[in-house]
Amino acid sequence: MKRLLKSKSFRAGLVITVIMVLVTVAGYFFSPYDPEYMDLSLKFAGVSPGHIMGCDNFGRDIFSRVLCGCRTTLLVATGTVLIGCVGGVIVGSLTGYFGGVFDTVVMRINDVIFAFPAVLIALVFASLFGNGEATMILALGIAFIPSFARMVRSEFIRNRSLDYVESARLQGAGNVRIIFAHILPNAWPVLLQSVIIGFNNAVLAEAGLSYLGIGVQPPKASLGRMLSDAQSYIRISPGYALFPGLVIILMVLGLGLMGRSSYE
Amino acid sequence: MKKETVLKRAVSCLLAVTLTAALCGCAGGKKGGNSDKFTVGIPQDIDSLDPHDAVAAGTKEVLFNLFEGLLKPDSEGNLIPAVAQEMQEKENGKVYEFTLRSGIKFHDGSPVTVDDVAYSLNKCSATGPDGTPLVPEFANISKVETDEASSLITITLKQADTDFPAYLTCAITPEANKDKEDTAPIGTGPYKFVSYTPQDRLVVRRFDDYWGTKANIENVTFKIVPGTDTLVTDLEGGSIDMFARVLSEQARTLSENPEFQVLEGTMNLVQALYLNNGREPFKNEKVRQAICYAVNRQEILDYVSDGKGTIIGSSMYPSFKKYYMPELSDRYATDVEKAKSLLAEAGFSNGVSFTITVPSNYTQHVDTALVISRQLKEVGINAEIKEVEWGTWLSDVYTARNFDATVIGVDASNLTASALLSRFESKASNNFINFSDAAYDENYRKAMNETDDAARTESFKECERILSDRAANVYIQDLPEFVVIRKGYSGYRFYPLYVQDISLISRD
Numbered sequence: 001m002k003r004l005l006k007s008k009s010f011r012a013g014l015v016i017t018v019i020m021v022l023v024t025v026a027g028y029f030f031s032p033y034d035p036e037y038m039d040l041s042l043k044f045a046g047v048s049p050g051h052i053m054g055c056d057n058f059g060r061d062i063f064s065r066v067l068c069g070c071r072t073t074l075l076v077a078t079g080t081v082l083i084g085c086v087g088g089v090i091v092g093s094l095t096g097y098f099g100g101v102f103d104t105v106v107m108r109i110n111d112v113i114f115a116f117p118a119v120l121i122a123l124v125f126a127s128l129f130g131n132g133e134a135t136m137i138l139a140l141g142i143a144f145i146p147s148f149a150r151m152v153r154s155e156f157i158r159n160r161s162l163d164y165v166e167s168a169r170l171q172g173a174g175n176v177r178i179i180f181a182h183i184l185p186n187a188w189p190v191l192l193q194s195v196i197i198g199f200n201n202a203v204l205a206e207a208g209l210s211y212l213g214i215g216v217q218p219p220k221a222s223l224g225r226m227l228s229d230a231q232s233y234i235r236i237s238p239g240y241a242l243f244p245g246l247v248i249i250l251m252v253l254g255l256g257l258m259g260r261s262s263y264e
Numbered sequence: 001m002k003k004e005t006v007l008k009r010a011v012s013c014l015l016a017v018t019l020t021a022a023l024c025g026c027a028g029g030k031k032g033g034n035s036d037k038f039t040v041g042i043p044q045d046i047d048s049l050d051p052h053d054a055v056a057a058g059t060k061e062v063l064f065n066l067f068e069g070l071l072k073p074d075s076e077g078n079l080i081p082a083v084a085q086e087m088q089e090k091e092n093g094k095v096y097e098f099t100l101r102s103g104i105k106f107h108d109g110s111p112v113t114v115d116d117v118a119y120s121l122n123k124c125s126a127t128g129p130d131g132t133p134l135v136p137e138f139a140n141i142s143k144v145e146t147d148e149a150s151s152l153i154t155i156t157l158k159q160a161d162t163d164f165p166a167y168l169t170c171a172i173t174p175e176a177n178k179d180k181e182d183t184a185p186i187g188t189g190p191y192k193f194v195s196y197t198p199q200d201r202l203v204v205r206r207f208d209d210y211w212g213t214k215a216n217i218e219n220v221t222f223k224i225v226p227g228t229d230t231l232v233t234d235l236e237g238g239s240i241d242m243f244a245r246v247l248s249e250q251a252r253t254l255s256e257n258p259e260f261q262v263l264e265g266t267m268n269l270v271q272a273l274y275l276n277n278g279r280e281p282f283k284n285e286k287v288r289q290a291i292c293y294a295v296n297r298q299e300i301l302d303y304v305s306d307g308k309g310t311i312i313g314s315s316m317y318p319s320f321k322k323y324y325m326p327e328l329s330d331r332y333a334t335d336v337e338k339a340k341s342l343l344a345e346a347g348f349s350n351g352v353s354f355t356i357t358v359p360s361n362y363t364q365h366v367d368t369a370l371v372i373s374r375q376l377k378e379v380g381i382n383a384e385i386k387e388v389e390w391g392t393w394l395s396d397v398y399t400a401r402n403f404d405a406t407v408i409g410v411d412a413s414n415l416t417a418s419a420l421l422s423r424f425e426s427k428a429s430n431n432f433i434n435f436s437d438a439a440y441d442e443n444y445r446k447a448m449n450e451t452d453d454a455a456r457t458e459s460f461k462e463c464e465r466i467l468s469d470r471a472a473n474v475y476i477q478d479l480p481e482f483v484v485i486r487k488g489y490s491g492y493r494f495y496p497l498y499v500q501d502i503s504l505i506s507r508d
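Chains as they are written, first to last, in our numbering: chain Z, 1 to 264; chain A, 1 to 508.
FYI, nobody ran anything at the bench for these hints, they're computed from the structure.
Any given hint could turn out to be false.
[Said to hold, decoys possible] With beta-carbon atoms standing in for the labels, derived distance ranges:
{"hint": "1", "chain 1": "A", "residue 1": "Asn382", "chain 2": "Z", "residue 2": "Leu128", "range": "19 to 27 angstroms"}
{"hint": "2", "chain 1": "Z", "residue 1": "Tyr37", "chain 2": "A", "residue 2": "Thr457", "range": "29 to 37 angstroms"}
{"hint": "3", "chain 1": "Z", "residue 1": "Pro117", "chain 2": "A", "residue 2": "Glu327", "range": "41 to 49 angstroms"}
{"hint": "4", "chain 1": "Z", "residue 1": "Trp188", "chain 2": "A", "residue 2": "Ala400", "range": "30 to 38 angstroms"}
{"hint": "5", "chain 1": "Z", "residue 1": "Leu128", "chain 2": "A", "residue 2": "Thr213", "range": "45 to 53 angstroms"}
{"hint": "6", "chain 1": "Z", "residue 1": "Pro117", "chain 2": "A", "residue 2": "Glu148", "range": "55 to 63 angstroms"}
{"hint": "7", "chain 1": "A", "residue 1": "Asp330", "chain 2": "Z", "residue 2": "Tyr37", "range": "21 to 29 angstroms"}
{"hint": "8", "chain 1": "Z", "residue 1": "Pro49", "chain 2": "A", "residue 2": "Asn382", "range": "50 to 58 angstroms"}
{"hint": "9", "chain 1": "A", "residue 1": "Gly265", "chain 2": "Z", "residue 2": "Val119", "range": "36 to 44 angstroms"}
{"hint": "10", "chain 1": "Z", "residue 1": "Arg177", "chain 2": "A", "residue 2": "Arg401", "range": "55 to 63 angstroms"}
{"hint": "11", "chain 1": "Z", "residue 1": "Val21", "chain 2": "A", "residue 2": "Thr197", "range": "24 to 32 angstroms"}
{"hint": "12", "chain 1": "A", "residue 1": "Ser506", "chain 2": "Z", "residue 2": "Leu128", "range": "43 to 51 angstroms"}
{"hint": "13", "chain 1": "Z", "residue 1": "Pro32", "chain 2": "A", "residue 2": "Ala333", "range": "58 to 66 angstroms"}
{"hint": "14", "chain 1": "Z", "residue 1": "Gly50", "chain 2": "A", "residue 2": "Ile311", "range": "28 to 36 angstroms"}
The C-beta atom is built at its ideal place from N, Cα and C for all residues, glycine as well.
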């Protein structure tokens, strides 16, 4: 951790990320306007002290919507990474630790899921369970499992024949204890990296899916959804596309810098 | 080193942003189109290439260029002879006699015979799985007789119907092509089928043996552009030359572009919040009326189409001058208090919740649903929005009737009042809102059996009035239509029906 804090890009990334999270959390308690309130007289209103990012095609305050959108996007990203990470750790640790036929079979299934693009899985889920955030989190989460599983599995393969594992086994520790108490903590640094990268991918995937209209349902705001809606009006109201876009860039940039410095 | 990396990343991010902005700006430079190639953007995929099976308005407007009936509509709303050279009405509208146009050919070069006409008419009057003919009005046909020598086709009806010629716009196709109508369709229209790639494009070519005025442009491609988001870029980038229904903001953007011309007409649709009358809470008429009162139509127009569009009050749009009743459009003037009290009377003083299912490819409908949902909140109605893909909408909402409410535009397939009104008969197979009203059925039947034109019109108007009074749906508007065509092309004409006649377009 100390080593990380020394890295300038980590610090820069940390600052950006903390600010983004703070803004998002603050937006939960306070937003200047109701993000769903429409006002005809403010249709495509420009940037002003009252509306620091202007208004959209329904006269809704873009800043309030960006705040709300950050929340949706962060929620989806967190949920996705959580499902992907927990699923990946279970699959990866078991296959990596036990190996053999079990490993071969499960990892081939893993490869099959890996071969499906996240968008495709999301489309299948959307047609089965309908559109919405929960569906999107589930679909993206499942799509993220294979990459986590691979990462964790390789760590387990590397660790399982090391001396400390052997000695734990000689002391009579059971498989479960070895997996979770001994090997997993040692796989943590690698896992952390993939969590950060995964988080970034999830932010972009949410934006992509909502952009395609299979994610968050209107009138709820999400950054991707806003970008997609703004497209038709890019000439009339460039700010409508620009601000949500910038926020996505900042979110990804912050985490990206952090993740990058951990392997520098 | 590390400082440099941060800087590098920041600079490359900035660069990416500026480049994107710059690229957006310079897309307009490209010249698209040449005299023998024209690409029309359409908002949805073709649901069937068989003109008799297609149900979506968006498909019919395309197939209009490939197929013709005995008669066809023109841009003035008249019926003009097409496959038939002339028509004679006999016995007060009970018998119709058609003479086949001499020398008329199908796209494959074979001559049109009276047998082909009989085949097509019989196909459309054969009952489908739901018990009604493909063209419901054909249930009225008693027999179709043909005489090869004199090229005569005689249609005898069970009951006289002076509107009957309007249904004869149904496509005439060759019997020989019976098995391939949905893969390689053949008709008699000004364009012939070349190829179709699902989800992508339909390619057609000018039919040089066309009986009438031949089309001007030789090769026409209908390119599917799902979602209107990328439209402006597609037009400016040159991948499409024309799009029939752009959003008002896009029209404004494009009208400032010297490369395009924007024409304004109406879409000829009945846009409404269609309510599933067979479901709670809409089984209750008072709830339906409350929603009608809660909605502010002018505000919807202001949000969705810059205040353009025509507010309507029943299932009829202004192009049908004879049947349209402008007085119904303010039947439910916005009245929040009245809406609340009606809800209370209906026993829903604690509020109502329902879902509005909208097809995500129609931005106008999605936006309308958003504004309605917002307006309904004022009276304590919680309307959630569920976007679905067009195919899902057709199967779940339209066919399976598994929905609470939906915003959509309903078009007329021909130039009669029944084209818009027949679906609200209790037992109609396309009555997707499950509307059921004895007085309506009676008036509709009366109109269909009436031969006197004035009395018939009056009965149809009574039907419209019932739809309005019973608040069958929350009628909103006939949407304004903005057609964008690349400059250098002319001849586009608006029809009183949902069609795009590409054959009239020519390069200057």
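Tested hints:
1. A:Asn382 with Z:Leu128: 19 to 27 angstroms: For Z:Leu128 against A:Asn382, whose Cβ atoms are near 25 angstroms apart, the range 19 to 27 angstroms holds.
2. Z:Tyr37 with A:Thr457: 29 to 37 angstroms: 45 angstroms, violated
3. Z:Pro117 with A:Glu327: 41 to 49 angstroms: Distance hint for Z:Pro117, A:Glu327 is violated at roughly 55 angstroms.
4. Z:Trp188 with A:Ala400: 30 to 38 angstroms: 51 angstroms, violated
5. Z:Leu128 with A:Thr213: 45 to 53 angstroms: 51 angstroms, holds
6. Z:Pro117 with A:Glu148: 55 to 63 angstroms: 59 angstroms, holds
7. A:Asp330 with Z:Tyr37: 21 to 29 angstroms: For Z:Tyr37 against A:Asp330, whose Cβ atoms are near 27 angstroms apart, the range 21 to 29 angstroms holds.
8. Z:Pro49 with A:Asn382: 50 to 58 angstroms: 34 angstroms, violated
9. A:Gly265 with Z:Val119: 36 to 44 angstroms: At roughly 37 angstroms between Cβ atoms, Z:Val119 and A:Gly265 fall inside 36 to 44 angstroms, so the hint holds.
10. Z:Arg177 with A:Arg401: 55 to 63 angstroms: 58 angstroms, holds
11. Z:Val21 with A:Thr197: 24 to 32 angstroms: 46 angstroms, violated
12. A:Ser506 with Z:Leu128: 43 to 51 angstroms: Holds, since A:Ser506 and Z:Leu128 (Cβ atoms, about 49 angstroms apart) stay within the stated range.
13. Z:Pro32 with A:Ala333: 58 to 66 angstroms: 34 angstroms, violated
14. Z:Gly50 with A:Ile311: 28 to 36 angstroms: At roughly 32 angstroms between Cβ atoms, A:Ile311 and Z:Gly50 fall inside 28 to 36 angstroms, so the hint holds.
When held up to the earlier numbered hints, the structure conflicts with 2, 3, 4, 8, 11 and 13 and fits the remainder.
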